[in-house]
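Chains A and B, in that order, give the protein sequences. Mapped onto our numbering, the consecutive letters of the first sequence carry residue numbers 1 to 116. Mapped onto our numbering, the consecutive letters of the second sequence carry residue numbers 1 to 113.
These are computed hints drawn from the structure, not numbers from a lab. All of these numbers come straight from a predicted model, not from anything done at the bench. We treat Cβ as the ideally placed atom computed from N, Cα and C, and that holds for glycine. Misleading hints may appear alongside valid ones.
[As the list claims (entries may be wrong)] Chain A residues, not near chain B, derived (Cβ > 12 angstroms throughout):
id, residue
1, 14
2, 17
3, 18
4, 19
5, 24
6, 55
7, 56
8, 61
9, 64
10, 70
11, 84
12, 85
13, 109
14, 114
[Said to hold, decoys possible] Capping the alpha-carbon separation at 30 angstroms, the derived lysine-lysine pairs in DSS-like fashion look like this:
id, chain 1, residue 1, chain 2, residue 2
15, B, 13, B, 57
16, A, 68, A, 58
17, A, 49, B, 57
18, A, 69, B, 57
19, A, 49, A, 68
20, A, 49, A, 69
[What the hints assert, rightly or not] Ranges between beta-carbon positions, derived for each pair:
id, chain 1, residue 1, chain 2, residue 2, range
21, B, 27, A, 61, 23 to 29 angstroms
22, B, 15, A, 70, 46 to 52 angstroms
23, B, 2, A, 61, 20 to 26 angstroms
24, B, 82, A, 10, 28 to 34 angstroms
Chain residues, written in single-letter form:
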Amino acid sequence: AQSVTQLGSHVSVSEGALVLLRCNYSSSVPPYLFWYVQYPNQGLQLLLKYTSAATLVKGINGFEAEFKKSETSFHLTKPSAHMRDAAEYFCAVSDNRGSTLGRLYFGRGTQLTVWP
Amino acid sequence: KAGVTQTPRYLIKTRGQQVTLSCSPISGHRSVSWYQQTPGQGLQFLFEYFSETQRNKGNFPGRFSGRQFSNSRSEMNVSTLELGDSALYLCASSFGTPYNEQFFGPGTRLTVL
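Chain A with its partners taken away, still in its complex shape (with noise of 0.2 angstroms):
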């Protein structure tokens, strides 16, 4: 099966500091991974994604990830955070096996805290 992990379940950060937060993944196919963003009392919303074309992703709001695979890595960064930044940030993925069509697998989340 699928697994995802954050590493850091916090994160804190400076405002207008480098936003660093860390997604490894396990996956026996090629994987299409995604990071979403979650604000208090609301739903998921798509940062960006990676689906085999180009490793560097670019997402909304400045937000980019890099796919790596030898280091089976899908890091979010951002250069300069922003206090509108702070969320709780998920990584997820998923694959092209029958048995998990329409099955996103999540990390355990990273909350951003963004001082000024």
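Put chain B on the given structure of chain A with help from the hints.
Leaving out everything else, chain B in the frame of chain A:
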């Protein structure tokens, strides 16, 4: 275009009761997935429907069931509610392939007393 809608947004039930949650997907989407989100277990997959057929099911007891209608709208039902069923239930819709992102609704917050 309109996003995924879920009704109701909030529910309070007592143990032993049953509940039905509704999800209307984005127009044109044929896949609807359901997830349970709790602080302790995180986001867990319940089941996925595609063109009225359940394609995949997570590891939940039979008290959790769902269905999808011909217009792609979906419902999930939980019977004989337990305290541990208190959670945010999220519905997501997509075109149904693994590389298509799933679009999430705002969720239904279920509290079981």
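Hints and how they fare:
1. 14: Given a closest Cβ separation of 27 angstroms, the condition holds.
2. 17: For residue 17 of chain A, whose nearest Cβ neighbour in chain B is about 27 angstroms away, the distance exceeds 12 angstroms, so it holds.
3. 18: Consistent with the label, residue 18 of chain A stays out of reach of chain B, its closest Cβ about 26 angstroms off (over 12 angstroms).
4. 19: 21 angstroms, holds
5. 24: 16 angstroms, holds
6. 55: Fine: 15 angstroms to the nearest Cβ keeps residue 55 of chain A off the interface.
7. 56: About 17 angstroms separates residue 56 of chain A from the closest Cβ of chain B, which puts it past 12 angstroms; holds.
8. 61: Given a closest Cβ separation of 16 angstroms, the condition holds.
9. 64: Given that every Cβ of chain B is farther than 12 angstroms from that of residue 64 of chain A, nearest at about 16 angstroms, it holds.
10. 70: Fine: 22 angstroms to the nearest Cβ keeps residue 70 of chain A off the interface.
11. 84: 19 angstroms, holds
12. 85: 19 angstroms, holds
13. 109: At roughly 6 angstroms from the nearest Cβ of chain B, residue 109 of chain A sits no farther out than 12 angstroms, so the non-interface label is violated.
14. 114: At about 22 angstroms from chain B, residue 114 of chain A clears the 12 angstroms cut-off, so the statement holds.
15. B:13 / B:57: 25 angstroms, holds
16. A:68 / A:58: 15 angstroms, holds
17. A:49 / B:57: Judged against 30 angstroms, a Cα distance of about 24 angstroms means the pair holds.
18. A:69 / B:57: 28 angstroms, holds
19. A:49 / A:68: 14 angstroms, holds
20. A:49 / A:69: Given pair residue 49 of chain A, residue 69 of chain A holds - Cα atoms ~15 angstroms apart, limit 30 angstroms.
21. B:27 / A:61: 23 to 29 angstroms: 26 angstroms, holds
22. B:15 / A:70: 46 to 52 angstroms: Since residue 15 of chain B and residue 70 of chain A have Cβ atoms about 50 angstroms apart, the given range 46 to 52 angstroms holds.
23. B:2 / A:61: 20 to 26 angstroms: 22 angstroms, holds
24. B:82 / A:10: 28 to 34 angstroms: At roughly 30 angstroms between Cβ atoms, residue 10 of chain A and residue 82 of chain B fall inside 28 to 34 angstroms, so the hint holds.
Checked against the numbered hints above, the structure breaks only hint 13 and satisfies the rest.
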